[in-house]
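Taken in order, these protein sequences are the chains called A and B. Heads up, the numbering used here is the position in the first sequence plus 51, with the first residue counted as 1. Heads up, the numbering used here is the position in the second sequence plus 43, with the first residue counted as 1.
Don't read these hints as lab results, they were simulated from the structure. For every residue, glycine included, the Cβ atom is placed at its ideal position computed from N, Cα and C. Some hints could be false.
[Claimed, not checked] For lysine to aspartate or glutamate, the following EDC-like pairs were computed, each having C-alpha atoms within a straight-line distance of at most 16 Å: (1) B:Lys113 <-> B:Glu67; (2) B:Lys126 <-> B:Asp73; (3) A:Lys93 <-> A:Glu122; (4) A:Lys151 <-> B:Asp73; (5) A:Lys100 <-> B:Glu143; (6) A:Lys151 <-> B:Glu143; (7) A:Lys100 <-> A:Glu117; (8) A:Lys93 <-> B:Asp102; (9) A:Lys151 <-> B:Asp102.
[Claimed, not checked] Chain B regions said to be covered by chain A (calculated; three or more residues, Cβ under 8 Å): (10) 74 to 86; (11) 143 to 155.
[What the hints assert, rightly or not] Just a few of them, taken from the derived set where beta-carbon distance is under 10 Å, the chain B residues facing chain A: (12) Gln49; (13) Pro51; (14) Gly59; (15) Gln93.
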Amino acid sequence: AQSVTQLDSHVSVSEGTPVLLRCNYSSSYSPSLFWYVQHPNKGLQLLLKYTSAATLVKGINGFEAEFKKSETSFHLTKPSAHMSDAAEYFCVLNGRQGGKLIFGQGTELSVKP
Amino acid sequence: DGGITQSPKYLFRKEGQNVTLSCEQNLNHDAMYWYRQDPGQGLRLIYYSQIVNDFQKGDIAEGYSVSREKKESFPLTVTSAQKNPTAFYLCASSIGTGLETQYFGPGTRLLVL
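Make the full structure from the sequences, and use the hints.
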């Protein structure tokens with residue numbers, strides 16, 4: 052079975068400090084993994100994606116994620132949080148079944164001034 | 044500009060009423076999707092379409108119907124059979140249904156009067 056687990060439902064950081072949002076996955080295939088961000092009452096915006104090329108993936112707005120097969124993880128990081136980063140973040144696995152995506156439950160990121 | 048549009052932004056449904064949510068894309072994508080999002084949860088797939096005049100049920104299709112008469116349009120009807128329709132509905136599209144990235148619209152919030 053394929054699944055995605057986001058290990059924290061809520062993360063709070065201070066502005067200017069590092070961000071770490073954790074994601075573990077389970078897949079019998081070589082996975083494609085994504086991170087999306089959702090601001091309140093908005094659609095999802097793609098931050099970055101991993102598709103079996105480089106294991107360190109750089110995305111928009113200074114975010115990056117590292118694919119670690121041995122740990123089945125795809126954690127999202129950013130060196131310095133900005134107030135505008137406050138949002139919900141989803142780790143997503145492509146299920147290879149007609150493009151079906153498997154979503155984690157989401158991590159809400161709060162950024163304190 | 045290329046993108047996905049959803050209308051209306053807010054929609055109110057009376058008991059026993061069918062309502063239709065609009066989704067249009069000008070990205071020339073073959074595949075389109077409808078998701079439902081409930082508070083504190085990830086997205087769940089309602090229906091998807093890989094090509095014009097074809098669509099498949101997702102994980103929670105009961106109480107919903109779709110059509111795909113044109114490549115750029117994939118409307119979703121929430122029927123009276125859907126007993127708990129209050130949610131945020133997101134439409135997405137992708138070039139195909141392999142490992143391609145899905146791009147999301149801004150969403151429609153459906154409320155029951």
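Cross-check of the supplied hints:
The straight-line distance between the Cα atoms of Lys113 (chain B) and Glu67 (chain B) is roughly 10 Å, inside the 16 Å bound, and the hint therefore holds. Proximity of Lys126 (chain B) to Asp73 (chain B) is assessed by CA-CA distance (about 31 Å); at most 16 Å being required, the pair is judged violated. Distance check on the hinted pair: Lys93 (chain A) and Glu122 (chain A) sit about 32 Å apart at the alpha-carbon level, beyond 16 Å; violated. Annotation: proposed proximity of Lys151 (chain A) to Asp73 (chain B) holds, straight-line Cα distance about 14 Å (limit 16 Å).
Under the criterion of a C-alpha separation no larger than 16 Å, the hint pairing Lys100 (chain A) with Glu143 (chain B) is consistent with the structure, at around 10 Å. Restraint check for Lys151 (chain A) and Glu143 (chain B): the C-alpha separation of about 10 Å stays at or below 16 Å, so the hint holds. Under the criterion of a C-alpha separation no larger than 16 Å, the hint pairing Lys100 (chain A) with Glu117 (chain A) is consistent with the structure, at around 10 Å. For the suggested pair Lys93 (chain A) and Asp102 (chain B), the alpha carbons sit about 23 Å apart, so the restraint of at most 16 Å is broken.
With a C-alpha separation of about 10 Å, the suggested pair Lys151 (chain A) and Asp102 (chain B) falls inside the 16 Å cut-off, and the hint holds. With 6 residues having a beta carbon nearer than 8 Å to a beta carbon of chain A, the stretch 74 to 86 of chain B meets the requirement of three or more and the stated coverage holds. Interface restraint, the stretch 143 to 155 of chain B with chain A: holds (9 residues with C-beta to C-beta distance below 8 Å; minimum three). Proximity of Gln49 (chain B) to chain A holds as hinted, the smallest CB-CB distance being about 8 Å (cut-off 10 Å).
Look at Pro51 (chain B): its Cβ only gets to about 13 Å from chain A, farther than 10 Å, so that hint breaks. A hinted interface residue such as Gly59 (chain B) counts as satisfied when its beta carbon comes closer than 10 Å to some beta carbon of chain A; here the least separation is about 27 Å, so the hint is violated. Checking Gln93 (chain B) against chain A: minimum C-beta separation of about 7 Å stays under 10 Å; hint holds.
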